[in-house]
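Protein sequence lines, in the order shown, are assigned to chains A and B.
For the record, in the first sequence the residue sitting at position 389 is 389 according to my numbering, with numbers rising by one throughout.
For the record, in the second sequence the residue sitting at position 341 is 1341 according to my numbering, with numbers rising by one throughout.
These are computed hints drawn from the structure, not numbers from a lab.
Note that CB positions come from ideal geometry on N, CA and C, so glycine has one too.
Heads up, a few of these hints could be off.
[Unchecked claim] Derived, one-sided and incomplete: chain A residues facing chain B with beta-carbon distance under 7 Å:
#	residue
1	Lys285
2	Gln288
3	Ser306
4	Thr320
5	Ala472
6	Lys473
7	Val477
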Amino acid sequence: MIGFKMQLMNFSPTFSRHLSGKLFLIALVGGCASHPQVTTRVSEPFPSATPARVVDVTQKVFPAVVRLDVAQEIFVAGKRTLQRGIGSGFIIDDQGHVLTNYHVAGRAVEINITLSNKERVPAKLIGDDHWTDLAVVQIDMDVMRARKIPFNFTLPGDSDTLAVGQDVIAIGTPFGLARTMTLGIVSNNERTFYPDIQKIDEYETGLFNNWIQMDTPIAPGNSGGPLVDLDGKIVGINTRGIQGQALNFAIPINTAKQVVASILATASPTRAGRVDRSDLGIDLKPLQDLESFYNIDINQGVLVNSVDRNSPAARAGVRTQDILLAIDGAPVNVRFPEEVASVRKRIADEPIGKTLVLTVRRGKDVLQFKAITDKLEGYVGEEKGFDAWGVTVREVTRAYANDEQLDDDTGVVVTTFSPGSPAARAELASGDVIRSVNGKDVSDLTAFQALFTESTDAKDDRVLLEIQRGRAKRSAVLKVTY
Amino acid sequence: MKTQTALTLPLLLALCIPVLAQTTQPAASLTQSILDRASSSLVVVKFTWDAEFGKRELAGGGVVVGEGLVMVPMGMFDPRFPDAQITDVKIIVPEVNSDHEEVSAKFVGRDERTNVAFVRRSSLIDRDFKPPLTFNDFTPVVGQTVYSVGLLPKAAGYKSYIYTTTVAANLRGESPSVLVSGALTSVGSVVFDDQGRAIGLVQAQGAVPIFLYDSRADARQDRPVDPMAVVSNPPRFFTPTRDFLLSLQDPPKDDAPLKLAWMGVPSLRGLTKDESEFFGLVDQPAVEIGDTIPNGPADRAGLKPKQIILKIDGKPLERGDEPDELPGILRRQLLRKKVGDSVTFTVLPGRKQAQTDVTVTLEELPARANTAARFYAEDLGYSVRELVFIDTYSRRLPSDQKGVLVSFVKQQSSAGSAKLLGNDLVTEMNGQPVTNLEQFKSDYAKFRKEKPTEAVVLVVIREANTQTIRIEPPR
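From just these sequences and the hints, can you work out the full model?
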């Protein structure tokens, strides 16, 4: 997905309702930067893209835009392996932090950055967040200092004030063509793909923000690069597009500001920075055209379309078809699809473990429930490879268990296996949940790791796994050679 | 045995040449007599699959096996065709020198125990109907010459034809089948031995054309279908009589659907050699239980997931050619028992544990989707049907879950635009719980009549979630 692979753009030419499948990620090249000392001009709400102005802005931002060459950790055919790609990014401070897309640099184990002056320096991942498709990496500043490499950084703008029709500039590395500048206009400033959920591989993304849509030409490799207004300020991060259609999408910089702050605040030398979010386990649906059916006033509340099993909302007593009117007394109104993301974000921004009072309309009654927020977990859990058995497995997350209708979130799920390996010969399948090893329960990935180590240390030549496949249990006997 | 064959073969070959010359006449007359005999009992079964998206007329070969009763391979009546959508059934008696005769008939039912289905003549006709053909239970022997007689496609006037071939192998599979060295005539043909005895039926298999006529193939302009495809792509397997004898002895009765036996174990798996050895089993077919239906016959008797079945009624499990086939063989064996029969399973609860016997009393197999009642809401473009057992089981819903299941959504319809999907389980309509199909039908009709311009709001269970679907009627 990071995209410099041509097959990423292999969407079919017709634009159907499966929009999600047709959007490509424009991973990999990019960068934009503006000098810290961008001169702001006389206030002019939407300066026109005169050649002089465009050249001026480009010259300012260019020195902060970088190309990233990244090796990401992926798990294929029973093994951990590296996938290489190219993307864009831009330097955001004097510490050499670079903002880019998750699908460019998330899970990266090796990053090289090429600055606008064509100097190449190593960098490392500081933190990432697939929910917003953002990642922060840091240039190796020791190298920068030792080699006396100059650089610039950008200034963030305010994406909330973007107007449809205003000129914007994209800078990045389309198809590896570094330092490419393109010009276009904002086509829509609150694009949502609701009810489709965008994914990066299997990672959910875009749930908590709307998108800037622009006709600025971008291509795979532009991902992570800046979208710049004509004041030279960053308004978005170029992320997705529909190839050849002048329909491209950027993450608003205001979404990124909060994510960057959280990543930088939580990052440590031993642990990647992250964004923690809260979850109630409900799916929200706009009420447009349903007001009369539910007999409610226009623009009041949001429909609870679905409640996840074992979720905070389910435990609190919230049911599907309830109308959620308020959270902690503050009204939540979602009449249109464009309003869904902000309410999701509102819940996500609550502290984890906080008790929220949910005011709900059910039929003619107005009820109140107290729900304690859980930490938001994605569908994809942590993944590891176990070479001796030829299998890669993932932690079963609550979201995975819910989506796959598992009884609970214990065990690990098989993702890939290598041909001819013990796992392949035992006919394990992707999606199998391993519940026990040699009769000992597997509660999670750590437990599985321990049981694997125990078995391989003992050089067991036969290992009995208990598998859950769909509703059925099955035994699998691994025949291991050392 | 092998040695003997090796010794006698050269001798046979040496003798064969003059013998062949001498027997040309008798062989031809045997072929002719088989062809005459068989074709007098072969008929075409034609029906219309009246689905929501249009009608499709299909015809295939069948054989008269009783008074007005015609047996066809079950593949003709695909189990996915809802029974209620099988209409306008006709038996066509092919004639060479006059028009074919068409007789009204009714679909009697499928016999899942034996993979055949039956239709029965419903109108009385003046002259005698075709005489029944008697099947004989002789196990085909490898090397034996066999003759198949069937009907050519409609494009060739349903003319009967005969092929001669040799039995190449007896295969076990989930059900027994016989591979021949050459070609067999069309699906639904009868296979004879060199004594002129009917010893098998040509079943649908692989990509072999099942039908002698398909109106959809006619309608295809983009990718024309060769109406004579069966000639270039003939069947090569037939089913020996022994596999469907049960149906002939006890054919399904009109208006009395077969009650099939069931033990409530939806998931079984044959153990591989490695796995068997791990559990201490040597050269012994074994089947692992994957899941049991809560409170089903097996569950109540004490069978549990992960137990390994070794014997049925004291006898080791039948072998398959592959471990994958064992569950099918076992399931079929049970299907052939009667509701109320007791079956004793010898099971191994786990490695190094003692085998135990568990006796299960078989119950009736719950209704399946193809017999469920349906309702086509043509105005908004979707169909729903009654819930059957598998619907709640596969969705991990309680077995007493109420609702109806969406079985069809028309493209470009109101329901299609509202993103209602097939397999959505409808639990509420317009704020009222859905209890069953009848109630849904009447409430729906009432609502549409009283408030024709108002949207229908359905709440459905879709995979792990619920969805609220608002179907706007066309203006």
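Flag every earlier hint the structure violates by its number, smallest first. Violated hint: only 2; rest satisfied.
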